[in-house]
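Residue numbers (this note's numbering), protein chains in the order written: chain A, 1 to 109; chain B, 1 to 511.
Derived from the structure by calculation, the hints contain no laboratory data. In this text, a Cβ means the ideal position worked out from N, Cα and C, and glycines have one as well. Heads up, some of the hints might be wrong.
[Unchecked claim] If you anchor each label on the Cβ, the simulated ranges turn out as follows:
id	chain 1	residue 1	chain 2	residue 2	range
1	A	Phe-26	B	Leu-434	53 to 59 Å
2	A	Ile-17	B	Pro-390	47 to 53 Å
3	B	Val-164	A	Asp-59	49 to 55 Å
4	B	Arg-438	A	Val-89	24 to 30 Å
5	B	Gln-3	A	Asn-23	47 to 53 Å
6	A	Pro-67	B	Gln-3	26 to 32 Å
7	B	Glu-483	A	Ile-5	54 to 60 Å
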Amino acid sequence: MEALISVMIGVLTACGIYLSLRNRTFSVVLGLTFLSYAVNLFLFVMGRLTVGAPPIISDAQTKYADPLPQALVLTAIVISFAMTAFVIVLSLKARADLGNDHVDGKEEA
Amino acid sequence: MNQLIISPVILPLLIGILLLFLREQDIFAKRVITILSLITQLSLALLIIQAVSHGNILSYALGNWPAPFGIVLVADRLAAWMLIITALLSIFAFIYSTLGTDRVGRHFHVLFQLQLFGLNGAFLTSDLFNLFVFFEILLLASYGLLLHGGGRLRTKAGLHFVVVNLAGSTLFLFAVGTLYGILGTLNMADLALRAASVAPENIALVRAAGLLLFSVFALKAALLPLYLWLPTAYANTSAPVAALFAIMTKVGAYSILRVYTLIYGEKAGPAANLLEYWLLPLALSTIIVGSLGLVGSKHLRTQTAYLVVVSVGTLLTAFGLSSTLGISAGLYYLPHTTFATGALFLLVDAVLIRRGDFSDRLDPGPVIASHHLFGGLFFITAMLMAGLPPFSGFLGKFMLIKASLNHPALPWVMTIVLIGGLLSMIALARSGSLIFYRANAAYVDETITKIKVLPHTHRPNTRELLPIFGLLSLCLAMTIWAEPIIRFTNATALQLLSPEQYVHAVLGKRS
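With the sequences and hints as input, model every part of the structure.
So this is what it looks like as structure tokens:
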């Protein structure tokens with residue numbers, strides 16, 4: 001499972017980096033979204049992968065999942081949601097103001 | 001528990017929310033509320049600096065969760081110093097914005113308060129993840145402020161700024177995640193303890209996370225090679241926002257100072273002195289590149305933005321010496337450069353609106369109204385920025401060079417800082433002579449049909465002059481009362497270099 005998750009994070013990051021280096025705002029936004037998915041997964045597994053272990057203390061349990069990364073990832077998801085929404089609106093504004101969707105606002109010759 | 005520490009964080013948030021409800025109200029009411037809030041923040045910062053001036057470090061556990069399990073806010077000398085600088089700068093930047101910038105969009109006042117909420121929080125927090133959250137808050141507010149007013153160039157620069165910072169935020173989270181995965185904590189004091197006793201097989205990971213964090217802070221501070229977003233962003237935004245952003249790069253410098261004296265400081269065992277080979281060379285290269293940009297600028301606002309890059313390089317050179325004297329020199333230079341840059345952005349705006357279509361282009365243009373006054377102010381500000389005696393810029397650079405006397409990198413520091421100063425002086429002298437000396441009444445006659453606002457009718461306004469004079473007199477005050485200020489920055493540097501005090505104040509008996 002560790003191998004699968006780490007490969008997934010790696011693939012998401014690689015796609016994110018590739019797309020965010022493209023010259024159209026649409027791919028850049030997608031790339032940033034992929035990067036934030038990758039980092040959310042990464043944060044989540046930093047509490048180690050556990051199966052069938054609750055994060056809340058109870059008498060019947062001996063094994064626990066780390067609750068903190070879950071809280072962190074929730075915050076990170078909310079923030080990246082807001083940021084993605086913002087960057088989409090900004091890209092639309094740039095498309096309207098600059099007349100095209102190139103990140104530098106110019107069509108290639 | 002002392003509620004004073006959280007008040008500079010809570011106040012702008014509450015006022016920001018209040019202003020959101022008042023959005024349909026008269027602009028006068030919103031301005032009065034903002035000014036009152038800014039003055040209260042200044043008083044709170046003064047109270048905090050008084051409370052920490054005897055070397056004690058105050059900590060505040062949010063929700064009474066004991067450290068390291070809950071989030072802790074910590075006020076020490078450095079945090080209080082940054083709070084004061086932010087409060088002073090924001091008051092003057094806001095006064096200038098009442099000339100009209102705050103009218104052109106809807107939520108300027110709200111964003112201004114939220115920007116301060118993020119800044120004050122970032123300076124006070126002692127939790128790495130919370131630092132990330134406050135970074136996001138101040139960035140989101142800064143995106144709004146940067147784009148405030150709209151315009152093609154502003155949108156283009158804003159897009160770059162936002163995308164670059166989003167990538168930076170992702171890196172920040174990767175670094176935070178790595179540190180948590182290995183050390184199991186996010187409280188900075190606790191991180192300092194655990195980093196010192198990390199298992200040998202994990203040292204490389206802890207160091208990698210530290211360098212990843214450094215790249216994020218370097219991006220915020222606009223250190224080479226991550227400075228490219230700065231010149232266009234700062235040159236194309238409105239003047240009061242650019243003046244307020246003079247503190248934004250300092251947040252990165254602050255974080256570098258905080259994290260790398262506390263978690264990766266000299267006493268951090270295997271992870272100690274992480275930035276030894278990175279910070280100083282990068283900071284010096286930033287000065288070189290910034291100075292070249294300065295000389296090559298064709299617009300006065302771009303030139304001012306490159307002065308920000310140079311000042312970041314100088315500041316981080318001082319921090320990069322990682323000695324008491326070096327850090328103290330940096331902490332003296334920090335408010336000086338913040339206030340002087342703020343004043344220059346406002347002054348340039350005051351000049352460019354009087355030049356009609358010539359705007360801030362570095363070409364001889366019309367003789368502007370009140371050219372004696374503005375020329376004189378430009379001369380003083382340029383002297384401050386270039387670090388000429390007898391002003392605070394000179395004192396800051398003098399302290400920096402004095403601090404580097406026993407450092408092996410002395411020849412590099414001395415050469416580059418002095419050449420950087422010389423190039424700043426040449427560039428500003430050239431701009432000053434093009435705009436003021438070579439201004440020609442004939443240009444007005446040729447282009448008078450094109451100039452929409454006749455320059456001669458522009459009389460200086462109090463709300464225009466007050467912030468410029470205010471920021472310049474703060475620099476003057478720093479020169480006059482240099483001795484007590486340097487005593488304070490020395491004490492701050494000593495406090496930073498003995499992180500066990502900080503750890504003890506946060507974790508109490510556990511340490």
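Which of the listed hints are not met by the structure? Hints 1, 4 not satisfied by this model.
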